[in-house]
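With chain A fixed as given, assemble chain B onto it according to the hints.
There are 2 protein chains.
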Amino acid sequence: MIANSPAKSHTTSTRILSSLFIALFSFSLFDPFSSVSAVNESLTYLWPLPWEFTSGNETLSVDPGLSLAIGGYGGNSDILRAAFDRYRGIIFKHSNGVYLFDRLRGRRLVYDISKLSIVVNSDSEDLQLGVDESYTLYVAKKDGQSIVGGATIEANTVYGALRGLETFSQLCTFDYGTKSVQVYQAPWHIQDKPSFAYRGLLLDTSRHYLPVDVIKQIIDSMSYAKLNVLHWHVIDEQSFPLEVPTYPNLWKGAYTKWERYTIEDAADIVSFAKARGIHVMAEVDVPGHAESWGNGYPDIWPSPSCREPLDVSKNFTFDVISGLLSDMKKIFPFELFHLGGDEVNTDCWNSTPHVKQWLQDHNLTTKEAYRYFVLRAQDIAISLNWTPVNWEETFNTFAENLNPRTVVHNWLGPGVCPKAVARGFRCIFSNQGVWYLDHLDVPWEGFYNAEPLEGIDNASEQKLVLGGEVCMWGETADTSNVQQTIWPRAAAAAERLWSKKEAISTGNITSTALPRLEYFRCLLTQRGVQAAPVTNKYARYPPTGPGSCYQQ
Amino acid sequence: MIANSPAKSHTTSTRILSSLFIALFSFSLFDPFSSVSAVNESLTYLWPLPWEFTSGNETLSVDPGLSLAIGGYGGNSDILRAAFDRYRGIIFKHSNGVYLFDRLRGRRLVYDISKLSIVVNSDSEDLQLGVDESYTLYVAKKDGQSIVGGATIEANTVYGALRGLETFSQLCTFDYGTKSVQVYQAPWHIQDKPSFAYRGLLLDTSRHYLPVDVIKQIIDSMSYAKLNVLHWHVIDEQSFPLEVPTYPNLWKGAYTKWERYTIEDAADIVSFAKARGIHVMAEVDVPGHAESWGNGYPDIWPSPSCREPLDVSKNFTFDVISGLLSDMKKIFPFELFHLGGDEVNTDCWNSTPHVKQWLQDHNLTTKEAYRYFVLRAQDIAISLNWTPVNWEETFNTFAENLNPRTVVHNWLGPGVCPKAVARGFRCIFSNQGVWYLDHLDVPWEGFYNAEPLEGIDNASEQKLVLGGEVCMWGETADTSNVQQTIWPRAAAAAERLWSKKEAISTGNITSTALPRLEYFRCLLTQRGVQAAPVTNKYARYPPTGPGSCYQQ
Chain A
152 MIANSPAKSH TTSTRILSSL FIALFSFSLF DPFSSVSAVN ESLTYLWPLP WEFTSGNETL
212 SVDPGLSLAI GGYGGNSDIL RAAFDRYRGI IFKHSNGVYL FDRLRGRRLV YDISKLSIVV
272 NSDSEDLQLG VDESYTLYVA KKDGQSIVGG ATIEANTVYG ALRGLETFSQ LCTFDYGTKS
332 VQVYQAPWHI QDKPSFAYRG LLLDTSRHYL PVDVIKQIID SMSYAKLNVL HWHVIDEQSF
392 PLEVPTYPNL WKGAYTKWER YTIEDAADIV SFAKARGIHV MAEVDVPGHA ESWGNGYPDI
452 WPSPSCREPL DVSKNFTFDV ISGLLSDMKK IFPFELFHLG GDEVNTDCWN STPHVKQWLQ
512 DHNLTTKEAY RYFVLRAQDI AISLNWTPVN WEETFNTFAE NLNPRTVVHN WLGPGVCPKA
572 VARGFRCIFS NQGVWYLDHL DVPWEGFYNA EPLEGIDNAS EQKLVLGGEV CMWGETADTS
632 NVQQTIWPRA AAAAERLWSK KEAISTGNIT STALPRLEYF RCLLTQRGVQ AAPVTNKYAR
692 YPPTGPGSCY QQ
Chain B
152 MIANSPAKSH TTSTRILSSL FIALFSFSLF DPFSSVSAVN ESLTYLWPLP WEFTSGNETL
212 SVDPGLSLAI GGYGGNSDIL RAAFDRYRGI IFKHSNGVYL FDRLRGRRLV YDISKLSIVV
272 NSDSEDLQLG VDESYTLYVA KKDGQSIVGG ATIEANTVYG ALRGLETFSQ LCTFDYGTKS
332 VQVYQAPWHI QDKPSFAYRG LLLDTSRHYL PVDVIKQIID SMSYAKLNVL HWHVIDEQSF
392 PLEVPTYPNL WKGAYTKWER YTIEDAADIV SFAKARGIHV MAEVDVPGHA ESWGNGYPDI
452 WPSPSCREPL DVSKNFTFDV ISGLLSDMKK IFPFELFHLG GDEVNTDCWN STPHVKQWLQ
512 DHNLTTKEAY RYFVLRAQDI AISLNWTPVN WEETFNTFAE NLNPRTVVHN WLGPGVCPKA
572 VARGFRCIFS NQGVWYLDHL DVPWEGFYNA EPLEGIDNAS EQKLVLGGEV CMWGETADTS
632 NVQQTIWPRA AAAAERLWSK KEAISTGNIT STALPRLEYF RCLLTQRGVQ AAPVTNKYAR
692 YPPTGPGSCY QQ
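Keeping their order, the protein sequence lines are chains A and B.
So for the first sequence, the numbering used here puts the first residue at 152; every next one is plus one.
So for the second sequence, the numbering used here puts the first residue at 152; every next one is plus one.
Among the hints, a few may not be true.
Because identical chains share one entry, a pair is satisfied inside a single copy or across any pair of copies.
Stated by the list, open to error - Below, a list of computed lysine to aspartate or glutamate pairs in the DMTMM-like style, where the Cα atoms sit at most 20 Å apart: (1) K244 to D419; (2) K614 to E276; (3) K408 to D326; (4) K403 to D326; (5) K651 to E612; (6) K507 to E653; (7) K425 to D364; (8) K570 to E612; (9) K244 to D371.
Note that these hints are calculated values from the structure, not bench results.
Okay, chain A solo, but in the shape it has when bound (with noise of 0.2 Å):
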């Protein structure tokens, strides 16, 4: 029995949340006397928070009507025309204009705010790491203080149309009272721009198959905390759920026949990703991790008692990777293709007489073996003209004989991309202490404090940092707790890879991040998005009794 009333419960918590409450009750539609002048002392709630911004007082409405214009070279953009038309479907889900009851009806409705000005200044819609993603947006009543009125989003690429796009879909709050969508503390005038030019995500796709429809809906959530790159760890040991078209027995390797992905499948995957400007990097993780591939060619195994690492020792194992990574050209055009190259156990090479005789033959301990493999991997990628990324195990192992053009992936442990970037390396954070979304124990403010920059402070080897990775490993996530498992935490980690560091890593994180990834989380959950509870004890648990999601 659960005795408190709402009310109640807001004034006995004992939770640090009053600048939320002060937001959200200086609101209240039922005051006469409440003011926004609060909410402008206090917090801003969009997530990632935009790198610079100014706010005023002003409530401005939104016509559900809302017309695009768009301008300049990219402004005829078809991926622009159907962000705008998704947006316009989230920022007026409950306007459908169908006033049921008196009180609304026949009102004369005048709105300040009946076009969203869109002008991009480039026709490109290529979609590369470092693409330009920042946006300048105004919004402001259009009047004689305001040079610019109405809403204006400003961007050189579509990409950073986007963006803006986003931010403006969380400036627009519906307002229950007038039954109208409003945007609160305006004028607006926002620069935003990313930290980071990489903020991925990890998919695992082979200890659980994820439907294509469900993968469409980690994009689209992707896409609301401007996170830009899926990484999709495709193939494991478990299955090998991937058409190739070239060695057509490959998917064999899946489950069950209809846990697969079709090569038109994945093509469609990375078009849907690249109209909300989210790149998709596959991984193919040699030579461990790979046993999978062995149910459709059993010769890629050493024996069938040695399963991985793929045999080393055959020209058919390379064969089979270079069709396979001739395949994926033609589906995936992002310029970074992850090769792996993690948790290598090689004792069974030396167990298997033709792999041990080759190995004398040529002259190599297993270590020098996987580091053969690895570089043979990357000689086929980098001929294929992608720029190969890898594992931290490679650059730990034998850093001297990567390829310069190696990107290398964290994940063991902080520490290593300043070991990297001091080489010259370009490095992606993904420390598994604090950005493994599996790690159930990790709480948001582990996600949050996170700093991929950590021990770097020279400004050239900053730069080499492309950015971070949460880890969204499949063991015990399916469909069924996959969302719930990604958020809100991976949100935390979008605005450490977005948002300006200074602005994000000053003051006490319980009052000025908690209540706006509390926001956050809600916003998603109206999206339809599965997001689990905040500050539970461990991630994905279940509310732990009745309450506001504001709260939970």
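Structure of chain B alone, referenced to chain A:
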């Protein structure tokens, strides 16, 4: 480290899944000797199981440009056309007609089924209790042997046609080898209808607010299992999220000003549900479970320290109920309306001076006053031409006084419906021991084996059992986990409520039903629904390790 290959784990599995795997592997794309004959003799992967069906041994291909031919008085229905478009999206999500590799390019594609004919005999779209949901579905090759070639659905109402569309979509399987949609085991001839007119799911939006988009996701998923009543437990003691124009302060009882439903939202939900053949039965639970009402109108509380049951002594209380129900009558056309009446602890009425005085003046015990309250609320509902539904406490306490139109809603335990129908009342079965979804320790078998007609032998009494309902109480279920708490167990109840009792009550359900339910769970995930593993120790628990959806 999970060392098993998929193949290995299949063969070493101790789970009794042989029937399923006969089905899986007999279809193998890579086995030139594969045959569908094993499946013919095995299970039928339709959920819920149709009443009567015959199948054959042909495989038919379905044209991704499938067209709709409509006939009958009801063929021109907008509901039907929209449903056809939805199901085309579901059936052909992989068949985008883009072949990126030569292997499939330039093939001349001839399909066996290029048209779906739907004949609807009635043009009435009236959706009331007991509406005819029967349909006939034929899928056969167009040749001399079949009287009807192609695919044809015949139904008396558009709602029967919707059920037939769902079944047709479950017959259509994407074949990853030919990259086309196929119907196996054709020709199919299915004659189907529900066992019970009322097949419900309760959603509780008071303990946790569920956004409109989430409610729509749930409604969509209900239609896949042929459930047909959304029992919307919209208000409870914790929060009052619904707008009531006549008493506009009531939704001050919402958790926050953002966790609310406008009247237009409610109408939108009703319309969305109707398009899927789903009734929405709203509940206003009085006089208990109503504390949140007093946040807007404190006079409805007996006193600040006695907040429920609502004040039985004031006409104001019944004025509010009357206004609320009158407003809701404009939104909810379903003939049933739920008035709650459960778990009423009247102790504090006696300790509130003005209520105690009123009880004395009217010579009523608190128990009699509870009856008075329920009956007066019933009178209001009946005056609005609603059929009242009450939780079983009202029947258990004063059956002799209940309006004979009352529908008794069982929940406390078994044996209530037999008593209710013996007295001539209609009944809905929701025995909490087997059909409460928040009871995480009740496995799928518990839901599956429940029988609404248990203990009722007389045919005329059996007719008084409208059906049953699974209840998703929201104390620990919010947007993040509500779908995985509902599914797949709600589907077990859905088959119980739809299919022929004799067909699903014989044999060992571990071999006859479990593989089919696992298949249906995976179908839900492919449609983007977060359905949990079927056989985990507790409902909604994550998978315990890597594996196929079809094994978890």
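Verification of the supplied hints:
1. Proximity of K244 to D419 under the C-alpha cut-off of 20 Å is restricted to the inter-copy arrangement: shortest distance 10 Å between copies versus 27 Å within a copy.
2. For a Cα distance limit of 20 Å, the shortest separation of K614 from E276 qualifies neither inside one copy, at 24 Å, nor across copies, at 64 Å.
3. In this assembly of identical chains, the alpha carbons of K408 and D326 lie at most 20 Å apart only when taken from different copies (8 Å versus 49 Å within one copy).
4. Taking the shortest alpha-carbon separations for K403 and D326, only the inter-copy value of 14 Å comes in at or below 20 Å, while the best intra-copy value is 53 Å.
5. For the homomeric pair K651 and E612, the shortest alpha-carbon distance inside one copy (18 Å) is at most 20 Å, but the shortest distance between copies (70 Å) is not.
6. For the homomeric pair K507 and E653, neither the shortest alpha-carbon distance inside one copy (55 Å) nor that between copies (63 Å) is at most 20 Å.
7. Only within a single protomer do K425 and D364 lie at most 20 Å apart by alpha-carbon distance; the minimum there is 16 Å, versus 25 Å between protomers.
8. When the C-alpha separation of K570 and E612 is checked against a cutoff of 20 Å, the pair qualifies only within one copy, where the shortest distance is 10 Å, while the shortest distance between copies is 79 Å.
9. Both within a single protomer and between protomers do K244 and D371 lie at most 20 Å apart by alpha-carbon distance, with minima of 17 Å and 17 Å respectively.
Checked against the numbered hints given earlier, this structure breaks hints 2, 6; the rest are met.
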